[in-house]
Amino acid sequence: MDITVQELKQKIDNKESFLFLDVREQHEYDEFNLGARLIPLGSVMESIPELESHKNDEVIIHCRSGARSGMAQQLFQQAGFTNVRNVTGGVLAWKEM
1 MDITVQELKQ KIDNKESFLF LDVREQHEYD EFNLGARLIP LGSVMESIPE
51 LESHKNDEVI IHCRSGARSG MAQQLFQQAG FTNVRNVTGG VLAWKEM
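In terms of the numbering used here, the sequence shown opens at residue 1 and continues consecutively.
Calculated from the structure, these hints are not laboratory results.
It is possible that part of the hints are untrue.
Here are the computed lysine-lysine pairs in the DSS-like style, where the Cα-Cα straight-line distance is at most 27 Å [to be verified]:
hint : residue 1 : residue 2
1    : Lys11     : Lys55
2    : Lys9      : Lys95
3    : Lys55     : Lys9
4    : Lys15     : Lys55
Just so it is clear, the structure is predicted and the values come from calculations on it, not from any experiment.
Between the sequences and the hints, there should be enough to build the whole structure, so can you do that?
Here it is, written out as structure tokens:
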């Protein structure tokens with residue numbers, strides 16, 4: 001299931017509880033970030049075990065455009081996470097909002 005940047009902004013503004021992940025690279029995160037926890041896509045598999053406690057929580061993942069976060073979404077779902085959402089358009093869409 002995907003989420004739009006508008007829906008994401010509303011959740012952030014309402015201080016809703018969810019695990020927020022950014023799967024871009026460190027240099028991209030340093031340039032501009034939305035306050036998510038940085039786990040570059042290449043590190044997602046090794047990070048999944050430490051996030052097990054969030055298996056049934058809402059997990060929202062973003063990247064630059066939505067492609068890498070879509071891959072990460074599939075990895076989390078394959079690991080048994082039940083509510084993983086990909087931010088449609090990623091940071092590019094956020095900046096256009």
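- Please work out if Lys9 and Lys95 have their alpha carbons no farther apart than 27 Å. holds (12 Å)
- Message: Checking one constraint from the list: CA of Lys11 to CA of Lys55, max 27 Å. Satisfied?
- Response: With a Cα-Cα distance of about 19 Å, the restraint between Lys11 and Lys55 holds, given a limit of 27 Å.
- Message: Check the hint pairing Lys15 with Lys55 against an upper bound of 27 Å on the C-alpha distance.
- Response: holds (20 Å)
- Task: With a cut-off of 27 Å on the C-alpha distance, tell me whether Lys55 and Lys9 pass.
- Result: holds (23 Å)
Checked against the numbered hints above, the structure violates none of them.
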